[in-house]
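A.B. asks: Chains U and H are the protein sequences, given in the same order.
Using the UniProt record's numbering, read the first sequence as starting at 1 and increasing by one per residue.
Using the UniProt record's numbering, read the second sequence as starting at 1 and increasing by one per residue.
Each hint should be verified, as a subset may be incorrect.
BS3-like mimics (lysine-lysine), calculated; alpha carbons at most 30 Å apart, straight line [stated by the list, open to error]:
| no. | chain 1 | residue 1 | chain 2 | residue 2 |
| --- | --- | --- | --- | --- |
| 1 | U | Lys252 | U | Lys411 |
| 2 | U | Lys185 | H | Lys252 |
| 3 | H | Lys411 | U | Lys185 |
Beyond 10 Å from chain H on every Cβ pair, some chain U residues (computed) [stated by the list, open to error]:
| no. | residue |
| --- | --- |
| 4 | Lys30 |
| 5 | Asn72 |
| 6 | Gly138 |
| 7 | Pro201 |
| 8 | Leu241 |
Keep in mind the hints are simulated off the structure, nothing from the lab.
Note that this is a predicted model, so its numbers are computed, not measured.
Every residue, glycine too, gets a C-beta built ideally from N, C-alpha and C.
In case you want the letters, here they are:
There are 2 protein chains.
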Amino acid sequence: MPRTLHLALSAYGVGGPGQHGLWKDQRVPKNASVDIDYYIRQAQTAEAALFDAYFIVDSQFINASYPAHYLNRLEPLTLLSAVATHTRSIGLVGTASSTYNSPFNLARRFASLDHISHGRAGWNVVTSFDTGTSRNYGLDEHLDYPTRYGRAEEAVDVVRGLWDSYEDDAFPADVDRGVFLDPSKLHALDHAGEHFRVAGPLNLARSPQGQPVIFQAGVSEEGRTLAARVAEGIYAPGGTLAESQAYYRDIKDRAAALGRDPDHVVILVGAGPVVASTDKAAHRLSRDIFEADNDFDRKLGFLGRSFGSHDFTPYDLDAPFPDVAHLAERSGRTRGLEIVRQARDENLTLRQVVETVSEYTPSPFTGAPDTVADALEHWFAAGAADGYNLRFRTHEDLERFAADVVPLLQKRGVFRTEYAGDTLRANLGLPVPANRHTLARESAAR
Amino acid sequence: MPRTLHLALSAYGVGGPGQHGLWKDQRVPKNASVDIDYYIRQAQTAEAALFDAYFIVDSQFINASYPAHYLNRLEPLTLLSAVATHTRSIGLVGTASSTYNSPFNLARRFASLDHISHGRAGWNVVTSFDTGTSRNYGLDEHLDYPTRYGRAEEAVDVVRGLWDSYEDDAFPADVDRGVFLDPSKLHALDHAGEHFRVAGPLNLARSPQGQPVIFQAGVSEEGRTLAARVAEGIYAPGGTLAESQAYYRDIKDRAAALGRDPDHVVILVGAGPVVASTDKAAHRLSRDIFEADNDFDRKLGFLGRSFGSHDFTPYDLDAPFPDVAHLAERSGRTRGLEIVRQARDENLTLRQVVETVSEYTPSPFTGAPDTVADALEHWFAAGAADGYNLRFRTHEDLERFAADVVPLLQKRGVFRTEYAGDTLRANLGLPVPANRHTLARESAAR
């Protein structure tokens, strides 16, 4: 079977990254971020276009200067659970922080979603870079970067351990023998590690996928290590083709070096396609959107996100860029460190940094449908991506992509014409992990 | 308007309290506890019968000796979120522990459910009596009873504070002025208490009910104090009519003494009606079910639940009842302390205690439809209940109650013939709480 690409839809209400003025668009309901019917319609449209997954990002800290969508949004797991019963085949990937949730709760909620969706749940593991988040969870200081990543890795191990609490055939429910559970197939975890002690077992049967799919978006050294070790789906940062190829190669090599099959690490490059009838019209549209969305204050706020949502408004705009490297380090923002380096090398003021960082660069997936399909196919063939995590400005833009670009990808044989199955693992080409206790038993018997 | 009673449905898959053998019933799917379609159908049937609320209990610890439904069940919030989009008017009350969840997460998840359900969410606050639960959350020792209740009270305060982060009119979303948020209507909480420090604000607008409804099931002294102070709905333990009247009076008096309107504390007595064509047939059915469900091992396991899920199997059945008062105290189980007292006063062995505790006592709501309606009306009129939290053995039993008993209650004018509104508050007759910041502003302006 020829290799085909995967598509995820990143869902936002009134605006995702680079769409901060979207709430002003008349086509978008002002309360879209908390309107469950809006999300259900998005997911159904993506499912009709045979997307692999529907993906919800998250954050847990705001201040009044944040973009519209961040200020007011549904919690990802409750959102996806509602979407689950109105869809049938599309994967449902929710973001949850391993820093501010206990593994037992995470294991329960994602396994519950996997049951409710009949095998379509995925967990996007994040460590919460926003330093303000810690103050919503009783900590004065944000956990430092290595601690957050150590905790994330251990949390994934614990959660996976809990997901294996029951073997697949643990519940014979045999009325004649009066046996509901076979107790030899229920296993406590008894985990005691550096960050967690969790006894288990989980009070939930193995879910239809065996285990929900683990997603991650590692960019830093620690992030890449974590991604290569635990992730089955990766949200890659994008950038240029060369940058994406390098990232792709690096992650696949790291996974192989850890003894994993690189094909079982599906790398999805983040992309915001802008499609119009001609290339020229698409580029004009893209530029117009950028100008409408990005006034100086918005750009200044956006810069802050590379430093753990630091507030740059009190600084003198025309003084040299302030010494904020420690903020980027603490929140683990690779981009922040790059910015500090560039500002120092080029002797930039804060104002100059803002303009440089927020410089307009069109998405490589901007153009007429054929152009966009070309680019998507090219990056895929050139070893930059196994697929894409797409974001669209409006529902109409998603519909246009589905109507005009997806059929071209299908005609070229690089995208499916029907779902491989009704679980996320089936569509991503990922194996169902064998239960560790069943494996151990079988291995002992041999 | 004459006072009318309220009905909640307590939902279980393959068996609730006193239904431990239910999984053997051919009418019940063996996987009912994790089958979302089963729950959706239950909720829709209860909604068609105009029930106020659909209620999901929870626990977070199991061992292999637990009843079938406890072993394997969906997490309440994901479950209810899926149910929300398939119902329109019935309240959705989920259980969550204030001992093992952070207030910020609780506030988000319940507010999210309130948005998704358009104003039908309720939080049943529990402190998790099962001592084993602590070991799933990194603690060697279960938090003691007063600590758990102090934490619960503070958690409710913090969650309510977070629910008021935004005033109702915080989002003008005024395109002409370019104003999405009015920042003067967004408020940090900056809570620093004995158990929690939470800065806020919550990243979610005030939900359609202003705040989800708080439920509680306080029996002990601390539980009653908490219930009287914070609960708007109470799941009362039931027992005899006289016991229920005493409990009802006590809670209403406590609430009034705290300056609350006793009508805004809705007391629902737990009841498992058994309805058949005649009283005699109903009592025979009730007895048969009890016998089928309760072998000695089951009774021994059930006894353990009054002592924080203590395992009594290692004890000599014919020796005097062991000294386990400290276990009942630690888990705060009033029932356990009563059992210890009775065992001492009457010099009982463990075996005798098991048989005494598990003695067959039919529900006071057992009989022909008229008899059951009589009893429900009588307890309601006699100051024992504002309504009932009902559990049924099978879906067919719920349907029978809806078809045969509900119309009698309606004919007598003690139950609604249509919903008062599409929010849980509207149907329970509870006010929408004013936002504290709006109140403060208005009071300062006067």
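A.B. asks: Can we trust that U/Gly138 is non-interface, i.e. its beta-carbon lies farther than 10 Å from all of chain H?
C.D. replies: 5 Å, violated
A.B. asks: Just want to verify: U/Leu241 was marked as not at the interface with chain H; is every Cβ pair farther apart than 10 Å?
C.D. replies: Non-interface label stands for U/Leu241: nearest chain H Cβ at 35 Å, farther than 10 Å.
A.B. asks: Mind verifying the non-interface call on U/Lys30? Its CB should be farther than 10 Å from each CB in chain H.
C.D. replies: Violated, because the least Cβ-Cβ distance between U/Lys30 and chain H comes to about 4 Å, which does not exceed 10 Å.
A.B. asks: Taking the shortest Cβ-to-Cβ distance between U/Pro201 and chain H, state whether it exceeds 10 Å.
C.D. replies: Label violated. Min Cβ-Cβ 6 Å, cutoff 10 Å.
A.B. asks: Between the alpha carbons of U/Lys252 and U/Lys411, is the straight-line distance 30 Å or under?
C.D. replies: With a Cα-Cα distance of about 28 Å, the restraint between U/Lys252 and U/Lys411 holds, given a limit of 30 Å.
A.B. asks: U/Asn72 clear of chain H by more than 10 Å, beta carbon to beta carbon?
C.D. replies: U/Asn72 not clear of chain H: closest Cβ-Cβ about 5 Å, inside 10 Å.
A.B. asks: Is the straight-line distance between the alpha-carbon of U/Lys185 and that of H/Lys252 30 Å or less?
C.D. replies: Not OK: U/Lys185 and H/Lys252 at ~48 Å, beyond 30 Å, violated.
A.B. asks: For H/Lys411 and U/Lys185, compute the direct alpha-carbon distance and say whether it is at most 30 Å.
C.D. replies: 52 Å, violated
The earlier numbered hints that this structure contradicts are 2, 3, 4, 5, 6 and 7.
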